[in-house]
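Enquirer: Top to bottom, those sequences are chains A and B.
The opening position of the first sequence corresponds to residue 1 in the working numbering, with each subsequent residue numbered one higher.
The opening position of the second sequence corresponds to residue 366 in the working numbering, with each subsequent residue numbered one higher.
Derived by calculation from the structure, the hints in this document are not laboratory data.
Treat the hints with caution; some may be incorrect.
[Stated by the list, open to error] Quick list of the computed label-pair ranges, beta carbon to beta carbon: (1) Ile572/B with Thr268/A: 45 to 53 Å; (2) Ala98/A with Gly714/B: 42 to 50 Å; (3) Gly34/A with Gly714/B: 55 to 63 Å.
[Claimed, not checked] Simulated coverage check for chain B against chain A, where a stretch passes if three residues somewhere in it have a Cβ under 8 Å from a Cβ of chain A: (4) 431 to 445; (5) 450 to 463; (6) 587 to 593; (7) 619 to 627; (8) 713 to 724.
Backbone N, C-alpha and C fix where the C-beta goes; we use that ideal spot for every residue, glycine too.
There are 2 protein chains.
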Amino acid sequence: MNPVSELETPAVTVLMDVMEDNIQRVQAHLSKHGIANRPHIKTHKIPALGKLQMQAGASGITCQKIGEVEVFADANVADDVLLTYNILGAAKTDRLMAVAKRLKRLAVVLDNDVVAKGLSAAAVRHQGEIPFLIECDTGMGRNGVQTPQAALDLARSAMRLRGMRFEGIMTFPLKPPGASLTNPKLSAPGSLAFFREALKIFGQAGIPVPVISGGGTPAIWTVQDYPMLTEHRAGTCIYNDVMTVASGTATWDNCAMRVRATVVSRPTETRAVFDCGTKVLTSDTYTVSGHGHVMEYPDAVIPVLSEEHGVIDLSNAKKKPQVGEVIHIVPNHCCVVSNMVDEVYGVRGGKVEATWAVAARGTVR
Amino acid sequence: MNPVSELETPAVTVLMDVMEDNIQRVQAHLSKHGIANRPHIKTHKIPALGKLQMQAGASGITCQKIGEVEVFADANVADDVLLTYNILGAAKTDRLMAVAKRLKRLAVVLDNDVVAKGLSAAAVRHQGEIPFLIECDTGMGRNGVQTPQAALDLARSAMRLRGMRFEGIMTFPLKPPGASLTNPKLSAPGSLAFFREALKIFGQAGIPVPVISGGGTPAIWTVQDYPMLTEHRAGTCIYNDVMTVASGTATWDNCAMRVRATVVSRPTETRAVFDCGTKVLTSDTYTVSGHGHVMEYPDAVIPVLSEEHGVIDLSNAKKKPQVGEVIHIVPNHCCVVSNMVDEVYGVRGGKVEATWAVAARGTVR
Chain A
1 MNPVSELETP AVTVLMDVME DNIQRVQAHL SKHGIANRPH IKTHKIPALG
51 KLQMQAGASG ITCQKIGEVE VFADANVADD VLLTYNILGA AKTDRLMAVA
101 KRLKRLAVVL DNDVVAKGLS AAAVRHQGEI PFLIECDTGM GRNGVQTPQA
151 ALDLARSAMR LRGMRFEGIM TFPLKPPGAS LTNPKLSAPG SLAFFREALK
201 IFGQAGIPVP VISGGGTPAI WTVQDYPMLT EHRAGTCIYN DVMTVASGTA
251 TWDNCAMRVR ATVVSRPTET RAVFDCGTKV LTSDTYTVSG HGHVMEYPDA
301 VIPVLSEEHG VIDLSNAKKK PQVGEVIHIV PNHCCVVSNM VDEVYGVRGG
351 KVEATWAVAA RGTVR
Chain B
366 MNPVSELETP AVTVLMDVME DNIQRVQAHL SKHGIANRPH IKTHKIPALG
416 KLQMQAGASG ITCQKIGEVE VFADANVADD VLLTYNILGA AKTDRLMAVA
466 KRLKRLAVVL DNDVVAKGLS AAAVRHQGEI PFLIECDTGM GRNGVQTPQA
516 ALDLARSAMR LRGMRFEGIM TFPLKPPGAS LTNPKLSAPG SLAFFREALK
566 IFGQAGIPVP VISGGGTPAI WTVQDYPMLT EHRAGTCIYN DVMTVASGTA
616 TWDNCAMRVR ATVVSRPTET RAVFDCGTKV LTSDTYTVSG HGHVMEYPDA
666 VIPVLSEEHG VIDLSNAKKK PQVGEVIHIV PNHCCVVSNM VDEVYGVRGG
716 KVEATWAVAA RGTVR
């Protein structure tokens, strides 16, 4: 095992002790409340880490694109997979049915009739059956039916289609009542009120709802406030990042992903430039200010990134780095960083213990 | 050749007629003003397109990381390469010297003594010589010496080191006088005043400055205002994007890169969601608002992207897309989109004429 200091920068590293602790804590909390843990693998995109999550007690995994399902099926990570995306078009539904045959259960979500009909046609074409959840928009302002009644109506019409099996309802993220993320003028009722009403009217219609699926990392720690939940999907929690710390649900010590970078320029007294930018850290602000947290210089801020340069403003920094110095950055959003690199390095005790190919990187389809 | 309609979405396509016209127009303008064209290949990262630029009359290419130089050297794109980055550390300077041996000229830039000394040590180790330019910060607020005098001082100290050959000065971008990008309180003198003063004091010191290198796509069309320029480096201009259009130097018809995407959800009357997000378009705002321009729905805006979802606000759109419809998005920043995908498709007359591997994708080191 080589010392981590021999890694060329920039390099995306993961502190293995911290990551293993994150996996255990999340599993313990969800288990304690009787909620199945279905980690979202889009955060790491690394089959070996999905296997660690399964070994810790996860009930299955969550994927966001068919490409991720295919890569994780190839690696035999889990035989129970939820694909939380509207799958549309014959090419994709054919791929869906092909990979479904290699798993015990591959469920999908849908929020409209066009998707339901396309899935049903594929199920008929391939003589299979597709378990599905209705995606509900409970305040995110992205995909999802807008009301519990719309969830019931869509479930009813979709379950009447050949080859379609209704399994439940899902949302992302699990949200307290409040403002919509995309339209601050609208207020959303929140996931609890939405799910309560949905379960009431599904019950009145005599339709069982075996799966009620929530999501999101900060929400892990309040799943107990949503008593109907049967499972929870979270991704970021395996690594944590500036967003998680800003949410109050993790500390810097819980942040496993650290981007090693080298200071390559000190053009002014208050400016340093390091050797990575959006091509590693991305330009995701992800609800926080700046572009990452420099562990060695906590008073420094990263106001701007170019593709290959990160600019550090040292105006309020008590000490200042030298050219050639290696720094460690906790990214704003760890999931998107995984997608930028071909390899991630697992580090323990200052040694590179594992070199993981990011096998599902770039799976945009 | 397959019809473009058979491409699974999302897919990054390039209209070949538009791209070829962009290459020719840029070359013609720079040639007309006697300025060498040194296109920045970080925009496309595709050797075949670098060859088109060379065939059109480029004098060489610009790269931003050694990994890009290596990939383009493997493909024999150009034997004259400028690497516009501070190269630091023995691992990287060894790689630099190794790839330099395969090229007629590989020049680098530097803005500090630590980098100069490291390069010199590598030149000695490998019995080579390193041509270098001094990087000047003329208003960008990133790397670069801060004054013409600092450029002269650094050039003098670096040219005294063994194996180092001073060739000139460079900046990015070529900037008119005005505010610094990173600190709006500071005003920068602009590239013209900086270069004029630098040439005066280099002349007084008796040091020839054979190369004066400018950069940036919008600045292509005003290079004639900088009479000392010997070469110009621009990347985006091969494709163009929302930033270029916003700068007033291109129209939508000049935008060659179009991201094909499918509308997968219409959750509300005013919202559509399509099947790609930051994992294709990135979250670069790049000085413009929104997250891309939808060609079919010019009144629509993309207020927010998730990793795999793009949200369209149709509040001001006269017509509205259906679920299943394919749309074409001009990205805010084309360079970063190239880095997100393994393949880009060249399209002409509705057919996929070329499938290019993005060979230098992911070259973060």
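Enquirer: Now, for every hint given, state plainly whether the structure supports it.
Expert: Do the hints match the structure? See the list:
1. Between Ile572/B and Thr268/A the CB atoms are about 25 Å apart, so this pair departs from the stated range of 45 to 53 Å.
2. At about 32 Å, the CB distance of Ala98/A to Gly714/B disagrees with the hint of 42 to 50 Å.
3. Checked against the given bound of 55 to 63 Å, the beta carbons of Gly34/A and Gly714/B, roughly 60 Å apart, stay inside it.
4. With 0 residues having a beta carbon nearer than 8 Å to a beta carbon of chain A, the stretch 431 to 445 of chain B misses the requirement of three or more and the stated coverage is violated.
5. Counting residues of the stretch 450 to 463 of chain B whose CB falls under 8 Å from any CB of chain A gives 6; the rule of at least 3 is met.
6. Coverage of a stretch by a chain is defined here by at least three residues with a beta carbon nearer than 8 Å to that chain's beta carbons; for the stretch 587 to 593 of chain B and chain A the count is 0, and the condition is violated.
7. For the stretch 619 to 627 of chain B, the stated coverage by chain A is not satisfied: 1 residues place a CB nearer than 8 Å to a CB of that chain, which falls below the threshold of 3.
8. For the stretch 713 to 724 of chain B, the proposed coverage by chain A is not satisfied: 0 residues have a C-beta within less than 8 Å of a C-beta in that chain, short of the threshold of three.
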